[in-house]
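A.B. asks: Assemble the whole structure, with the sequences as input and the hints as a guide.
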Amino acid sequence: MSAVSTEQARAAGLVAPRARAAAGRPRGVSLALRTLGPLALLAAWQISSATGVLTPDVLASPGQVVQAVGELWGNGQLADALSTSLTRAALGLLFGAGAGLVLGVVTGFFRLGEELLDSAVQVLRTVPFLALVPLFMVWFGITETAKIALIGVATSFPMYVSASGGVRNTDRKLVEAMRSFGLSRAAVVREVVLPGALPALLSGLRLSMTLSVIALIAAEEINSTEGIGYLMAQAQNFSRTDVLAVCILIYGLLGLAADGAVRVLERLLMPWRPVDGRAVAGR
Amino acid sequence: MSTPAVHVRGLRRVFGTRAVLDGIDLDIARGEFLALLGASGTGKTTLLRILGALDRADEGTVLVPPARTVVFQEPRLIPSRRVLGNVTVGLPRGAATRETGRRALAEVGLAAHADAWPATLSGGEAQRAALARALVREPELLLLDEPFAALDALTRLRMQDLVGDLCRRHRPAVLLVTHDVDEAIRLADRVAVLRDGALVRDQSVAVEHPRDPADPAFAALRRALLADLGVHREPAPQHAN
Numbered sequence: 001m002s003a004v005s006t007e008q009a010r011a012a013g014l015v016a017p018r019a020r021a022a023a024g025r026p027r028g029v030s031l032a033l034r035t036l037g038p039l040a041l042l043a044a045w046q047i048s049s050a051t052g053v054l055t056p057d058v059l060a061s062p063g064q065v066v067q068a069v070g071e072l073w074g075n076g077q078l079a080d081a082l083s084t085s086l087t088r089a090a091l092g093l094l095f096g097a098g099a100g101l102v103l104g105v106v107t108g109f110f111r112l113g114e115e116l117l118d119s120a121v122q123v124l125r126t127v128p129f130l131a132l133v134p135l136f137m138v139w140f141g142i143t144e145t146a147k148i149a150l151i152g153v154a155t156s157f158p159m160y161v162s163a164s165g166g167v168r169n170t171d172r173k174l175v176e177a178m179r180s181f182g183l184s185r186a187a188v189v190r191e192v193v194l195p196g197a198l199p200a201l202l203s204g205l206r207l208s209m210t211l212s213v214i215a216l217i218a219a220e221e222i223n224s225t226e227g228i229g230y231l232m233a234q235a236q237n238f239s240r241t242d243v244l245a246v247c248i249l250i251y252g253l254l255g256l257a258a259d260g261a262v263r264v265l266e267r268l269l270m271p272w273r274p275v276d277g278r279a280v281a282g283r
Numbered sequence: 001m002s003t004p005a006v007h008v009r010g011l012r013r014v015f016g017t018r019a020v021l022d023g024i025d026l027d028i029a030r031g032e033f034l035a036l037l038g039a040s041g042t043g044k045t046t047l048l049r050i051l052g053a054l055d056r057a058d059e060g061t062v063l064v065p066p067a068r069t070v071v072f073q074e075p076r077l078i079p080s081r082r083v084l085g086n087v088t089v090g091l092p093r094g095a096a097t098r099e100t101g102r103r104a105l106a107e108v109g110l111a112a113h114a115d116a117w118p119a120t121l122s123g124g125e126a127q128r129a130a131l132a133r134a135l136v137r138e139p140e141l142l143l144l145d146e147p148f149a150a151l152d153a154l155t156r157l158r159m160q161d162l163v164g165d166l167c168r169r170h171r172p173a174v175l176l177v178t179h180d181v182d183e184a185i186r187l188a189d190r191v192a193v194l195r196d197g198a199l200v201r202d203q204s205v206a207v208e209h210p211r212d213p214a215d216p217a218f219a220a221l222r223r224a225l226l227a228d229l230g231v232h233r234e235p236a237p238q239h240a241n
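Quick note, the sequences are listed as chains P and Y, same order. Each residue of the first sequence is one higher than the last, beginning at 1 in full-length UniProt numbering. Each residue of the second sequence is one higher than the last, beginning at 1 in full-length UniProt numbering.
Please note that a few of the clues may not be correct.
[As the list claims (entries may be wrong)] Pairwise CB distance ranges, derived in the manner of DEER restraints:
{"#": "1", "chain 1": "Y", "residue 1": "A116", "chain 2": "P", "residue 2": "P38", "range": "46 to 52 Å"}
{"#": "2", "chain 1": "P", "residue 1": "G182", "chain 2": "Y", "residue 2": "P92", "range": "50 to 56 Å"}
{"#": "3", "chain 1": "P", "residue 1": "S180", "chain 2": "Y", "residue 2": "R93", "range": "34 to 40 Å"}
{"#": "4", "chain 1": "Y", "residue 1": "P79", "chain 2": "P", "residue 2": "W73", "range": "51 to 57 Å"}
{"#": "5", "chain 1": "P", "residue 1": "M270", "chain 2": "Y", "residue 2": "S40", "range": "25 to 31 Å"}
{"#": "6", "chain 1": "Y", "residue 1": "P210", "chain 2": "P", "residue 2": "A16", "range": "34 to 40 Å"}
[Unchecked claim] Partial pick of chain Y residues on the chain P-facing surface, computed with a CB cut under 8 Å:
{"#": "7", "residue": "T3"}
{"#": "8", "residue": "D27"}
{"#": "9", "residue": "I50"}
{"#": "10", "residue": "L51"}
{"#": "11", "residue": "A53"}
{"#": "12", "residue": "L54"}
{"#": "13", "residue": "D55"}
{"#": "14", "residue": "R56"}
{"#": "15", "residue": "T61"}
{"#": "16", "residue": "V62"}
{"#": "17", "residue": "L63"}
{"#": "18", "residue": "V64"}
{"#": "19", "residue": "P66"}
{"#": "20", "residue": "A67"}
{"#": "21", "residue": "H179"}
Bear in mind the hints are in silico, worked out from the structure with no lab data behind them. Ideal Cβ placement from N, Cα and C applies to all residues, glycine included.
C.D. replies: Shown next as C-alpha cells:
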C-alpha cells in the first residue's frame, strides 16, 4: 500500500462521499410536527372570532363550541347521538368491508372468480351510492337497516378494489413453493396471500372508513330521529352554529380516529415490516 | 507514489453497540483492482456502501472520486424501462447518449437486447445490463457488491472473465466485495480480508496471468485466505474450478 496523506488525496481530486442523512427524528418531535397543522387552524379560527371577522351567526368561536360540547354532554344528547351513529357506521363498515374483502379475495385469487364477478362488481361500483338512497327508502323504509345498508354499500367497493389488487400481486413463486409443501388452497390464502395483501387491505380499510363517515352523514341527513345527523338537522333549524361546529368537528375527529386505528392495526398486524416504512439497510 | 482513487483513514461504523468497521485504513490506487473478502456480516458491504455514499461513516476520513458507480448483487433494473433505457437512466437524453448506451451494451454482449424489457432477461443478462449501466458513466471508481453471487456457476465464470476484461480496458479503480476466494484471486491485483472490524490481510496477488487454480502460488494464497476466513481444510481440494 502506498502511503498517501489525506491532503495529497484531496489534492488529487477525491471528495468525501455524502450519504443522504437518515431522517431520524425523535418520536416527540415528529408528534409535535404532526399537531402543528391542526393547531394553526385552531389559532386562525380563534383569532378571526376574537377580531370579529367571524361573527357567531356565521360560525361560533372555539370557546362557544367548547361550551356547546359541555351542554350537549351534560344533557346526554351527545353521548346518545355518538353511540347511535358509531353503531351505524361500525355495523355498515363490518358488513360492507367484509363483503368487499371476501369478493376481492375471490376475484383476486381465482381466475374463474374474476371472470364471473369482476365486471359485474365494476358496473355496480360506478353507481354513486347516494343514488341508492331513494331506492333503499322504498325497500327498507326509514329504518336502521336502510342506513346500515347504505353505509355497507358505500364501504364495500374500496375494500373490494384494494383486496383484489393486493391478492393479485401475491408472490406467485411463494404460492408455488407452498403448494409443493402440500398446503391446501385455503391454507395458502391464510398463510401467504392474506399476509402479503395486508398493506393493500389496510389501505382499503382506510378508504372504507372514510367513506363510512361520509355515508353516515348522507344516511342521517334523511329523516333521522337520533344520531349526529339528527343533532345537526335540529341545530340547523335553530341556527345554532356552535352545535353545527361541534357536529362537524366530531365527523372530522371520527376520520382522524379511523386513520389512527388503521395505523395501530398496521403495526399490530404486520410486525415483520420495517418500522416507519424505512427499508432496513444491508450489512 | 501512485495517485489514489480511494483514501480511507480511521473509518468507524457502529450498528447498535457493535463496531462493524473499527478503524479501517485503506488506499486504492487509480486503476487498481481490490477484492475485499469477509464472512457474512463482517461489514464488507457496509464499507462499500460508505464509499458509494449509500451509508454514512460514524468516524474517520473517507475520500473517493466524484465519478463512481455500483453494481449490486441483484441487477436492480427498472422494470418499466427497456434495457437501453435502464443503461442510460439519469443521463442527458439524446442520440449521443443512446449511442454510448448501445456501445456499452455491445461491450457486455447485449447489443441485441437493447429494446427488451428487463423481466425478459435471464439472471446473467440482467446482471450484464447492470454492468453496462455502471460502465457507461465512465466511473473512476467501480464498486462491485457481490455481483456474481446470484448467478449460476457457468454464468459466474463467464461474467468474471467479462468483468476482468472490461476493467483492464477501462481501468477504473475497482472494489469487489465477495466471499468467493477463487473469484478474488482470479480478478484482483490486491486482496484484503475484513474480520472483526479490521483488515487482517492486505496484500498484492503475485500469481501470474492467466491465473490458474493449479498454480502453486494460487493454491497457497487460496489456503491463506480461507484460513483468514475461518475455513481450514486439507491442501489440494479435488474440485476443479
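A.B. asks: Please go over all the hints and tell whether each is borne out by the structure.
C.D. replies: Evaluated hints:
1. A beta carbon spacing of about 51 Å between A116 of chain Y and P38 of chain P agrees with the range 46 to 52 Å that was offered as a hint.
2. One distance hint, 50 to 56 Å for the beta-carbon pair G182 of chain P and P92 of chain Y, holds here, with the actual separation near 55 Å.
3. Taken as a hint, the range 34 to 40 Å is violated for the pair S180 of chain P and R93 of chain Y, whose Cβ atoms sit roughly 46 Å apart.
4. One distance hint, 51 to 57 Å for the beta-carbon pair P79 of chain Y and W73 of chain P, holds here, with the actual separation near 55 Å.
5. Taking the beta carbon of each, M270 of chain P and S40 of chain Y are about 27 Å apart, inside 25 to 31 Å as hinted.
6. At roughly 38 Å, the beta carbons of P210 of chain Y and A16 of chain P sit within the given window of 34 to 40 Å.
7. For T3 of chain Y, the interface hint holds, since its Cβ comes within 8 Å of a Cβ in chain P; the closest pair sits about 5 Å apart.
8. Hint status for D27 of chain Y relative to chain P: holds, with the closest Cβ pair at about 5 Å, below 8 Å.
9. The beta carbon of I50 of chain Y is positioned within 8 Å of a beta carbon in chain P (closest approach about 7 Å), and the interface hint is therefore held.
10. About 6 Å separates the beta-carbon of L51 of chain Y from the nearest beta-carbon of chain P, less than 8 Å, and the hint is met.
11. Interface hint status for A53 of chain Y: upheld, as the beta-carbon distance to the closest one in chain P is roughly 4 Å, under 8 Å.
12. Against a cut-off of 8 Å between C-beta atoms, the interface hint on L54 of chain Y holds, since the closest Cβ of chain P lies about 6 Å away.
13. The interface hint given for D55 of chain Y holds, since its Cβ lies 6 Å from the closest Cβ of chain P, which is under the 8 Å cut-off.
14. For R56 of chain Y, the interface hint holds, the least distance from its beta-carbon to any beta-carbon of chain P being 4 Å, beneath 8 Å.
15. Restraint check, T61 of chain Y versus chain P: the minimum CB separation of about 5 Å is within 8 Å; hint holds.
16. Among the interface hints, the one on V62 of chain Y holds; its C-beta lies about 6 Å from the nearest C-beta in chain P, closer than the 8 Å criterion.
17. Taking 8 Å as the C-beta contact cut-off toward chain P, the hint placing L63 of chain Y at the interface holds, the least distance being around 4 Å.
18. For V64 of chain Y, the interface hint holds, since its Cβ comes within 8 Å of a Cβ in chain P; the closest pair sits about 5 Å apart.
19. For the restraint placing P66 of chain Y at the interface with chain P, the shortest Cβ-Cβ distance is roughly 5 Å, inside the 8 Å limit, so the hint holds.
20. With its C-beta approaching chain P no nearer than about 10 Å, A67 of chain Y sits outside the 8 Å limit, and its interface hint is violated.
21. Because the closest C-beta pair between H179 of chain Y and chain P is about 12 Å apart, greater than 8 Å, the hint is violated.
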